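K.L.:
Chains as they are written, first to last, in my numbering: chain H, 1 to 340; chain S, 1 to 340; chain R, 1 to 340; chain X, 1 to 340; chain W, 1 to 340; chain F, 1 to 340.
Incorrect hints may have been included.
Copies of one chain are not kept apart here, so a pair can be met inside one copy or by any two copies together.
Below, in silico cross-link-like pairs of lysine to any residue (SDA-like), each with a Cα-Cα straight-line distance of 25 Å or less [what the hints assert, rightly or not]:
id : residue 1 : residue 2
1  : Lys115    : Lys299
2  : Lys71     : Leu23
3  : Lys179    : Gln339
4  : Lys3      : Arg63
5  : Lys71     : Gly127
6  : Lys2      : Ile79
7  : Lys3      : Leu23
8  : Lys262    : Asp275
9  : Lys170    : Ala60
10 : Lys170    : Thr322
11 : Lys115    : Pro297
12 : Lys2      : Asp250
13 : Lys107    : Asn171
14 : Lys244    : Thr268
15 : Lys299    : Ile246
16 : Lys71     : Ala25
17 : Lys2      : Ile205
18 : Lys71     : Gly47
19 : Lys244    : Gln339
20 : Lys71     : Glu49
Worth flagging that the hints you see were computed from the coordinates, not collected in a lab.
From a predicted model like this one, the values you see are computed outputs, not experimental measurements.
Protein chains: 6
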Amino acid sequence: MKKAVGFGDFLVRLNPEGYKRFLQADRFEAYYTGAEANVLSSLSMMGVETEFVTRLPENAIARCAVASLRKLGVGVSHIAWGGERMGVFYVEKGASQRPSTIVYDRKYTSIATAKPEDFDFASAFAGAGWFHCTGITPALGEHMPEVTEFAMAEARRMGLKVSCDLNYRKNLWTTQRAKQVMERLLPMVDILIANEEDCEKVLGIRAAETDVVQGKLSREGYMDVARQLTERFGVQAVGVTLRKSISASDNEWSAMLYTGGKAYFSRTYAMHIVDRVGGGDSFAAGLLYGFGNGFAPQKIIDYAAAASCLKHSIELDVNLSTVDEICRLMEGDGSGRVQR
Amino acid sequence: MKKAVGFGDFLVRLNPEGYKRFLQADRFEAYYTGAEANVLSSLSMMGVETEFVTRLPENAIARCAVASLRKLGVGVSHIAWGGERMGVFYVEKGASQRPSTIVYDRKYTSIATAKPEDFDFASAFAGAGWFHCTGITPALGEHMPEVTEFAMAEARRMGLKVSCDLNYRKNLWTTQRAKQVMERLLPMVDILIANEEDCEKVLGIRAAETDVVQGKLSREGYMDVARQLTERFGVQAVGVTLRKSISASDNEWSAMLYTGGKAYFSRTYAMHIVDRVGGGDSFAAGLLYGFGNGFAPQKIIDYAAAASCLKHSIELDVNLSTVDEICRLMEGDGSGRVQR
Amino acid sequence: MKKAVGFGDFLVRLNPEGYKRFLQADRFEAYYTGAEANVLSSLSMMGVETEFVTRLPENAIARCAVASLRKLGVGVSHIAWGGERMGVFYVEKGASQRPSTIVYDRKYTSIATAKPEDFDFASAFAGAGWFHCTGITPALGEHMPEVTEFAMAEARRMGLKVSCDLNYRKNLWTTQRAKQVMERLLPMVDILIANEEDCEKVLGIRAAETDVVQGKLSREGYMDVARQLTERFGVQAVGVTLRKSISASDNEWSAMLYTGGKAYFSRTYAMHIVDRVGGGDSFAAGLLYGFGNGFAPQKIIDYAAAASCLKHSIELDVNLSTVDEICRLMEGDGSGRVQR
Amino acid sequence: MKKAVGFGDFLVRLNPEGYKRFLQADRFEAYYTGAEANVLSSLSMMGVETEFVTRLPENAIARCAVASLRKLGVGVSHIAWGGERMGVFYVEKGASQRPSTIVYDRKYTSIATAKPEDFDFASAFAGAGWFHCTGITPALGEHMPEVTEFAMAEARRMGLKVSCDLNYRKNLWTTQRAKQVMERLLPMVDILIANEEDCEKVLGIRAAETDVVQGKLSREGYMDVARQLTERFGVQAVGVTLRKSISASDNEWSAMLYTGGKAYFSRTYAMHIVDRVGGGDSFAAGLLYGFGNGFAPQKIIDYAAAASCLKHSIELDVNLSTVDEICRLMEGDGSGRVQR
Amino acid sequence: MKKAVGFGDFLVRLNPEGYKRFLQADRFEAYYTGAEANVLSSLSMMGVETEFVTRLPENAIARCAVASLRKLGVGVSHIAWGGERMGVFYVEKGASQRPSTIVYDRKYTSIATAKPEDFDFASAFAGAGWFHCTGITPALGEHMPEVTEFAMAEARRMGLKVSCDLNYRKNLWTTQRAKQVMERLLPMVDILIANEEDCEKVLGIRAAETDVVQGKLSREGYMDVARQLTERFGVQAVGVTLRKSISASDNEWSAMLYTGGKAYFSRTYAMHIVDRVGGGDSFAAGLLYGFGNGFAPQKIIDYAAAASCLKHSIELDVNLSTVDEICRLMEGDGSGRVQR
Amino acid sequence: MKKAVGFGDFLVRLNPEGYKRFLQADRFEAYYTGAEANVLSSLSMMGVETEFVTRLPENAIARCAVASLRKLGVGVSHIAWGGERMGVFYVEKGASQRPSTIVYDRKYTSIATAKPEDFDFASAFAGAGWFHCTGITPALGEHMPEVTEFAMAEARRMGLKVSCDLNYRKNLWTTQRAKQVMERLLPMVDILIANEEDCEKVLGIRAAETDVVQGKLSREGYMDVARQLTERFGVQAVGVTLRKSISASDNEWSAMLYTGGKAYFSRTYAMHIVDRVGGGDSFAAGLLYGFGNGFAPQKIIDYAAAASCLKHSIELDVNLSTVDEICRLMEGDGSGRVQR
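Chain H extracted, bound-state conformation (with noise of 0.2 Å):
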């Protein structure tokens, strides 16, 4: 597939080893990432070239930030240099009846205070055939629904693309604010992935019978939410992530394709969770890569569930599992044998 680009925030992951709660920790495993870079990460473990576009401060953190997206093979030349801070937030993970708690500190960020005219988007685009974004970057500052906006519209204009994972955040705007910039967005997006809860928070959009936190999930309700959202807004496909929360130790996880007003469903993988932050970051790379691979919608939504089903395997956000992984457990094998 063609040359995929991401735009969006970039940050500092710190989290307690293992179990641990912040207060038993006096040392914190460091990763940097954000959602849009694990999209291209994942990506570029299936070896599609990549290019992420952020703004990052000249310091040195971010330098080793830098350092590994270019280690996972994602292009970083595109990348604007300046402002004060990178974000940072703080992981807990969750076992069995204790959720996973997220401290954030990614306001004043470099990409947060960026203008419009940080970015050279026309030459990062150049040769690429996709763009992602999330609903997290127009969120992250003053001018970053305006910085998105030109994104997308240029991608459009030089016949990329473009996909957006809803993805609401509720600790960086209003659903009020949110609901204003993504209705702009939204008609220049291709393939939209988004959940029942952010649909409705942001977009009033209701996928009837579900009620998250008891876990029950109708069919149904989710094409009926991915036809209004085909409908109102002209997207060509819509990508649903079907997670069961058992307990933060064990999930069900499937998903659903909605495209020419079909809809196509996984199976359902009953997963053992290691890490389930970055999983739907890997389930939108594995859209991507049906789509950009011109898979069939039943192979694309198989492909982004079992891609996604294996990021939960693996520790911290990003899916290091290659196509050859991804297909020998959608193509059955999810016993876990030895592979000698």
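Model the placement of chains S, R, X, W and F on the given structure of chain H, informed by the hints.
P.N.:
Chains S, R, X, W and F alone, transformed into the frame defined by chain H:
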């Protein structure tokens, strides 16, 4: 609620990291712990003022132990200093069919060799409303039954409610000796925490149809035991945890409160266990918090069960859960969704 | 039981900590391991005198490897020194739907380039009652079929019982070559350990209705395979482990012993897996212990199944379980209650 | 001595383990630190009652920070809660010719956005004898000069002695702004800690014949600077540390106290450095302890120099030395023999 | 400067943490390294475009190795894939009187079994100005002298300057064989890096009055060796590092550049060593950077000496120093003051 | 040389990693150690057959301790099993001016409560040529002087040479008691290891002009002490280590052997210390190796000094150096060049 005072042993806990066996370890995690201190630490996490009374030797390791209490906000001004050593215990965490193993080295400790005149309970109790100890404390040394009896009497004299966890430890004393001592102490106890095994071994009170190894539990049996305890010793309330061990990794967990001639049961949690040591202590803390804040009996047991359920998802002995987290679980969200 | 001697490869095992993927690791846990050495280490943990024969290069890493055997009490006086290198393998532990991955680097090793004259089996066998090797050993190098055949013949000449684990490794030799060699060796074997896959691939013996990936197992199929093995090669007993892979994290585990024309089945354990590498070796050790101590067939298979079940709860390749622990599980307590 | 109160910033300190560079780290040690808190922690280790005033956001990380103070016995009852974030800084420890590197991310923090009404200094000062802050505090944010001035004035009004470490930080403010603010504050200071660089940059007071990079120091120059400080601002005493940097691993260390028109010099220590961050803070704590306990000037500077010398042998920012240990070094035993 | 291309081995480096001996380690730090790759990594840290040519087996560990190069920005598009294994070496870091120990396991590797047709040097050299290899490369395998000769010839044909570090490895080949091969290669070399030991052993060129073990060095001796090298092989410049080993922990370090018939010496650094492996490679990188940027000879050797001095303060093989850091040391600040 | 037998305590050693203070540690490295076992371990590393006699409790930790001896090849067949506990000690490693600190918890141990009938020295001594113990052993418990005396007498009766390290421990007994006991034991000793402090404290023998804290040593003084020892107790040889403590990080180290009325001095090593615990034990092992192999006196002391110098560069208590490594240092190469 009013200040809670605890009295008991305080030991060095050493455990290999993760699931390593002792033979595989050349590093131990080192923490400081004890049944009563765990209860106070948990209460302190819930915002309750606490004070821990123990006896420790004058050396750098004991000073570290005290600092670890201070870190969690537990008062340490009434610790008696003297004697020769702190106890040590080694814990090897079990998994699946392999049980956890504990090697104790807790003889000849400062508290085991303590005498009544070493402690100033009256000043520790000033302003307090609750006094907690366990059946471990009187078992520690020659003078400890006497010291514990004195402490309980002093507590009651000063108007504190007394709670006690029966907690029989077979390597500290015989059941004969335990029976003889505990039967002197129990009439001074207001709130008793006990499991069916201890009731039978120490007090000869047996719950019908219970076989711990096979993991069958009968609600009627527990109610029967609790009824006998209240009748025989005049305790105001009896709390019991109901654990069904499926394996070292998976347990079912619920709890019963028997008070005012009636039994109240919590719901049952299917737990994937991170660390089960300290589960009983977190239950005691939950009970005390419920009583101390005047909860209704059903809410008390719901709170205590939720608190101790969360403990099992937390490494080490102390329940580092806040009131918010416990209430969120108690009120229904056990799905483990990320808290952003 | 009498001394057990093993002969085979001994490698450096390198694995990322926890569930990290290779790409995430800048530290590997480093252990020394090999199928036959694992069996001896496990027997040594059970109190059996053991002696391991292998060939190692004269360098500091090989000396560490030997020290690790000595630590567990395995005799190392008959190791042949020479050659150029120890084998290395890298293990990435799987979880949930992600299988474990092993990268082997075991060519050109000291044992792969060994010749018959490098070893003094006669003196290693002095006083011993059991000789164990696996189908890996003859696959290691050009002269190794000849060396293994010589060792087995010598063992029988000196009155030792010979046990062998079929253990086909596709990256060491072809099924054709394996068949040719193993068919020469098996007539000298008293106790054979095999799984259905290896029987089919190496010997062309197939169990009806078995499909490993789908995880369906048929007891009749296994009995049938075992019957064919005893008839064709005159082995006295056949041990088979029956693994049902639900995921990389959860397996069902039981085992069958076929001897005297009859099949004996252990009970089935639902295991939450800590590390599955070495599961087969721990089973072999359990079988040998049972035979060596004259257990009845049902007790042999119960013991071997319990032993290998416990192994899955233990990190790394060696079953560090004692006879006491195995018997406790075999006799019914799989509830994982703390052993204080 | 009477209770000591400190006021200042409190940050998350993240550093790679050992001598790793940022680029090599995927784990950071995580501690909570700040110049004034370090002084109080050190005093608390010496048995002095202390209270730390700062402003922190209401999140789990800040609660960990507070627990770390409590662990060392520092009072935390007067911390103001509010604002958006804690500061973060990243430290890479130098060695030999490679200097330590610090990347700061301390803008927009809760204390940087604090206002006078956020703090209740009067109640924090109740019963206290000493108030300590540094030139970092007024540099943190728009209102902080005003808040610091208010705090100092309040301290003096309530009879506390005021100590201040000049501590110029070029990335927080300009020398012009620093001069303007510090010249308003210094007349309220009783004990001033300063190094020659800061005196020159901030106050334009220069010691003759000193060139920091080249590591030459002149005793006369320091006396001259101190004399100017006492004359210009009326401070009672000036403490100066005299560091000769041979390399990042080896320094020579001594100190001067100028008081009553006279200079007192400690002896010089040849230090092999474990961690030099916090060296100045430990010196301030030593000075305060000396003044607070009425030591003679020579003993004050000997004690403060020994205290801060020991700090350099201790990992992280806080001087975890006891009075005993400091006195032992001060009285002559720098041989490092084992203390059994 | 123009792109630099390197060609050589790339191995897994395994070392116990800190100063642990192999026997004490059950964990190894795992990195990927090689003399030529170290030079390129160091150049890449300085902002130079680089490309590394090697041959690696198609497995997950080799893919990690490549990712580690990518992380530092080294180009990896011309790596040849094939063969059976990566080399491995084990490093035990020395201290004080105990030397570092290295156990090599680098035979039969993908590069050792490479043939000329495996590589496409012409396209790797496109646009490049510099080609670097070492005396290790031709020593790796049967065809490697031929491959190296071909690469050098191709480089010269395409106008690249050729640099070579003599780097004799006694466990890879004999001095006779080394002499024979290197004497064919050296006439194609522009910049030669050598130490006196290698010159003597490989080329029979001896510096007067040098005795490495005793640590005496004579400037005249080095000049003499360099003069002989330039005369005999027509190299344009010779770089020599002058190490005086006081102990494994402390060395004196300086360097000489001989070019245009004249010798230029850097100043001497007294280093406290963190890790000395890779010291020579960092020197080579410094030299190349100096030549590539047209520095004057004295500045070239000052820069290369400062660069390699800094390397000794950095863990592992690669000099992670920036041009800024090197210049700061070169220009005089070796005092190790904190860089805030 | 013939088999060496040792008799003494064996403890759990717990230490924070690196230079962390106890207060900073929530992990301890865990090793098993004792003065006499260290001597045997060191001899075992040198290829000598060894056997360690001690008494240990029957628990999992003691079994780990025994495994650690076995790992190094020390014989463990004559250990007496029984009693209640193993001793524990906590070590905090010093640096620069901060001394190492040890907190002992070694009372009431299995060996402290041992009685003569617990041991079978006669069979342990069979075939042995050397018996080593220290002044710690008789100080451990009530019956231990008697047991030690019996062991020494038995050793002499069976023709073993007896070596003893005076090793006074002030927290185990008084100087009066030590004097009384040691004066009974010393006449049975052939080779005595002592430092000047112990000689003075225990035996009242003082070396002129020595002041340990100030670090001044006089060769004449040591000769004088040794002469007195040989005259008073008839010992054949006296070994003394001469440590000059510059700081906890840097020491000068040499040693003297006094035998046949003559003193032999080693050269002096300037050591940068990694871990100094066990330095004396490694010296004793070096002496025994020299005597056991019939070295001339000068070579004995050179070997012992080199051996113990190397120990200081090794983490933990045991000198993991081989004869080759020691000889290489003894013969002149202290430059720390890499051994490839």
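K.L.:
Are the hints correct? Go through all of them and say.
P.N.:
Results of checking the hints against the structure:
When the C-alpha separation of Lys115 and Lys299 is checked against a cutoff of 25 Å, the pair qualifies neither within a copy, at 40 Å, nor between copies, at 42 Å. With identical chains, the CA atoms of Lys71 and Leu23 are at most 25 Å apart between copies only, with a shortest distance of 9 Å across copies and 32 Å within one. Only between protomers do Lys179 and Gln339 lie at most 25 Å apart by alpha-carbon distance; the minimum there is 22 Å, versus 47 Å within a single protomer. For the identical chains of this complex, Lys3 and Arg63 are neighbours both inside a copy (23 Å) and across copies (21 Å), given an alpha-carbon limit of 25 Å.
Both within a single protomer and between protomers do Lys71 and Gly127 lie at most 25 Å apart by alpha-carbon distance, with minima of 22 Å and 24 Å respectively. Proximity of Lys2 and Ile79 under a CA criterion of 25 Å is satisfied in both settings, with 20 Å inside one chain copy and 23 Å between copies. Taking the shortest Cα distances, Lys3 and Leu23 sit within 25 Å of each other only across copies (23 Å), while inside one copy they are farther apart (43 Å). In this assembly of identical chains, Lys262 and Asp275 lie within 25 Å of each other by CA distance neither inside one copy nor across copies; the values are 32 Å within and 43 Å between.
Taking the closest pair of Cα atoms, Lys170 and Ala60 come within 25 Å of each other only across two copies (18 Å); inside a single copy the shortest separation is 30 Å, beyond that limit. Taking CA atoms no more than 25 Å apart as the test, Lys170 paired with Thr322 passes between copies only; the shortest distance there is 22 Å, against 33 Å inside one copy. For a Cα distance limit of 25 Å, the shortest separation of Lys115 from Pro297 qualifies neither inside one copy, at 38 Å, nor across copies, at 46 Å. In the homo-oligomer, the alpha carbons of Lys2 and Asp250 never lie at most 25 Å apart, since the shortest distance is 36 Å inside one protomer and 39 Å across protomers.
Taking the shortest Cα distances, Lys107 and Asn171 sit within 25 Å of each other both inside one copy (10 Å) and across copies (19 Å). Proximity of Lys244 to Thr268 under the C-alpha cut-off of 25 Å is found in both arrangements, the shortest distances being 10 Å within a copy and 19 Å between copies. In this homomeric assembly, Lys299 and Ile246 come within 25 Å of each other (Cα to Cα) only across copies, at 24 Å, whereas the closest approach inside a single copy is 27 Å. In this assembly of identical chains, Lys71 and Ala25 lie within 25 Å of each other by CA distance solely across copies; the values are 13 Å between and 27 Å within a copy.
In the homo-oligomer, the alpha carbons of Lys2 and Ile205 never lie at most 25 Å apart, since the shortest distance is 33 Å inside one protomer and 49 Å across protomers. With identical chains, the CA atoms of Lys71 and Gly47 are at most 25 Å apart both within one copy (13 Å) and between copies (16 Å). Taking the shortest Cα distances, Lys244 and Gln339 sit within 25 Å of each other only across copies (16 Å), while inside one copy they are farther apart (29 Å). Proximity of Lys71 to Glu49 under the C-alpha cut-off of 25 Å is found in both arrangements, the shortest distances being 13 Å within a copy and 16 Å between copies.
Checked against the numbered hints above, the structure breaks hints 1, 8, 11, 12, 17 and satisfies the rest.
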